[in-house]
Every structure is written in C-alpha cells, then in structure tokens.
Amino acid sequence: DTGVSQDPRHKITKRGQNVTFRCDPISEHNRLYWYRQTLGQGPEFLTYFQNEAQLEKSRLLSDRFSAERPKGSFSTLEIQRTEQGDSAMYLCASSLARPRQGNGYTFGSGTRLTVV
Amino acid sequence: GESVGLHLPTLSVQEGDNSIINCAYSNSASDYFIWYKQESGKGPQFIIDIRSNMDKRQGQRVTVLLNKTVKHLSLQIAATQPGDSAVYFCAENNAGNMLTFGGGTRLMVKP
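These protein sequences, in sequence, are chains A and B. When we follow this note's numbering, the leftmost residue of the first sequence carries the number 2, and every step to the right adds one. When we follow this note's numbering, the leftmost residue of the second sequence carries the number -16, and every step to the right adds one.
Don't read these hints as lab results, they were simulated from the structure. Don't take every hint at face value.
Pairs of lysine-lysine residues, derived as DSBU-like cross-links and limited to a Cα-Cα distance of at most 35 angstroms, are as follows [unchecked claim]: (1) B:Lys39 with B:Lys93; (2) B:Lys39 with A:Lys58; (3) A:Lys58 with A:Lys15; (4) B:Lys54 with A:Lys58; (5) A:Lys58 with B:Lys51; (6) B:Lys93 with B:Lys51; (7) B:Lys51 with B:Lys39; (8) A:Lys12 with A:Lys58; (9) B:Lys39 with B:Lys54; (10) B:Lys93 with A:Lys58; (11) B:Lys25 with B:Lys51; (12) A:Lys12 with A:Lys72; (13) A:Lys12 with B:Lys25; (14) B:Lys93 with A:Lys12; (15) B:Lys93 with A:Lys72; (16) B:Lys25 with A:Lys15.
Here chain A stands alone, though its shape is the one from the complex (with noise of 0.2 angstroms):
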C-alpha cells in the first residue's frame, strides 16, 4: 500500500454535467475525509466518515454533491449539474483516528476538476 489514492489526477468537464470522483485510502484506515482546495487557498473540509458512515458534512457540501464509502474501503465524491464555482482540487485523506496525530492523516496527490 503506497498511500491514499485519487483517480482521476484531472478531470474537465461542461457545465451542467455531472462528474464522479473515486478515492482508495490506505488499507487500515478506517477514517476518510475529503476537502476542496481552490487556487491560492488551504483545503477546505467537505465531509468525513468512518468506516462506511458518513459522519459530518460541511455546509460547503451543497445538495448537488454526494459521497460515499459503500463498504467501508474506497469513496466516492459526486458533483451533479457541475458549475464553474465547483473548478477546484479535491482532496481525500484517511487515519486510523481524529486528527491527532498528523503524521497518521495523510493526503492523497488530489483530483484536479476544471469546468468549463
């Protein structure tokens, strides 16, 4: 297991269209987290779960979006009827617990979305 995972590395795509996002964790993590990184920004907090259940969800997580972690492994994030707002990195990451310990929470490489 070399990390956290993220296909596709970019994706464009119209407006209006929808856009699914796949995210695979290290192996014992049962904690994912995605977030959202705009241009000269930090990452922004989108949702969380633990082993399947999703735990927390951001208000920047409008309803046209949706995640999922159907058994508890890999997850995906959805945008429906993409928007040029929603051109952004999108960021997983896993742990084995709360972000206590940093080295524990790691990033993968990220899915660049352009909308166009």
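With the hints as your guide, set chain B onto chain A.
The following block gives chain B in isolation, referenced to the frame of chain A:
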C-alpha cells in the same frame, strides 16, 4: 503542472539560510496544530505537529513554535534547501474530526 497558490504571500530565501514561516490561527479552542508542505500537483505532506501543552517542538531541520497568547504558530526551517521550495500551510484541530487550514505561504529558495 498547475501551481498551488499563485497569489500567496511569498518568502524568498537564499539556499543555506534559515526560513521562518508564520501563521495566525483562528480558534482559541484549538489544541493541536500541524504544518504541511504542498508541492505543485501534490497533496499536503505532513512536516511536524505540536499540541497546545507545548511551546516548541523540533524535528529534523524544522522547529515549530506555538504562542497561544496571540494565537500564533511559526515554522522554522534550518539550512533551507532548494527541495524545500513549496507552499506551506498550518492547520489546526479542536478535538473535532477535521483540520482547518490557514491561507498558506510560498517559500522560494534561491540557489
């Protein structure tokens, strides 16, 4: 690849010099802090962390200082190298399940 943070504050240092990157955090209830390094096209990479019951923590070539009175965090990098060039973010946690990130500083190391 696309750069992270085209309009970030920038610190430019000479190779071999020491670097100090500062961060003001927002939540006085935060009791755990992390510094991350982010290179272009990559996710944040852990550098060092500190809990609020400490004022200073040292790692390999890096030191984090925490001043809770003024809600200020700093990252010191000794003998800065070209490979240290990146965007640096501080992040805070207040016992919840998420990290709150600051705005980031771009470090540029001149050879």
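Hints, one by one, checked against the model:
1. The straight-line distance between the Cα atoms of Lys39 of chain B and Lys93 of chain B is roughly 28 angstroms, inside the 35 angstroms bound, and the hint therefore holds.
2. For the proposed pair Lys39 of chain B and Lys58 of chain A, the alpha carbon gap of about 33 angstroms is at most 35 angstroms, so the pair holds.
3. Between Lys58 of chain A and Lys15 of chain A the alpha-carbon distance is near 26 angstroms, which keeps this suggested pair within the 35 angstroms criterion.
4. Distance check on the hinted pair: Lys54 of chain B and Lys58 of chain A sit about 27 angstroms apart at the alpha-carbon level, within 35 angstroms; holds.
5. The suggested pairing of Lys58 of chain A with Lys51 of chain B holds, with an alpha-carbon distance near 29 angstroms, which does not exceed 35 angstroms.
6. A C-alpha spacing of about 33 angstroms is found between Lys93 of chain B and Lys51 of chain B, which places the hinted pair at or below 35 angstroms, so the restraint holds.
7. The hinted pair formed by Lys51 of chain B and Lys39 of chain B meets the criterion: a straight-line CA distance of about 11 angstroms does not exceed 35 angstroms.
8. For the suggested pair Lys12 of chain A and Lys58 of chain A, the alpha carbons sit about 24 angstroms apart, so the restraint of at most 35 angstroms is met.
9. A C-alpha spacing of about 14 angstroms is found between Lys39 of chain B and Lys54 of chain B, which places the hinted pair at or below 35 angstroms, so the restraint holds.
10. For the suggested pair Lys93 of chain B and Lys58 of chain A, the alpha carbons sit about 42 angstroms apart, so the restraint of at most 35 angstroms is broken.
11. Taking the CA atoms of Lys25 of chain B and Lys51 of chain B, the gap is near 31 angstroms; set against the 35 angstroms cutoff, the hint holds.
12. Note on Lys12 of chain A and Lys72 of chain A: the hinted pairing holds, with a Cα-Cα distance of about 25 angstroms set against a maximum of 35 angstroms.
13. Annotation: proposed proximity of Lys12 of chain A to Lys25 of chain B holds, straight-line Cα distance about 15 angstroms (limit 35 angstroms).
14. Among the hinted pairs, Lys93 of chain B with Lys12 of chain A is consistent with the structure: their alpha-carbon atoms are about 34 angstroms apart, no more than 35 angstroms.
15. Among the hinted pairs, Lys93 of chain B with Lys72 of chain A is inconsistent with the structure: their alpha-carbon atoms are about 48 angstroms apart, more than 35 angstroms.
16. Annotation: proposed proximity of Lys25 of chain B to Lys15 of chain A holds, straight-line Cα distance about 24 angstroms (limit 35 angstroms).
Consistency note: the structure conflicts with the earlier hints numbered 10 and 15.
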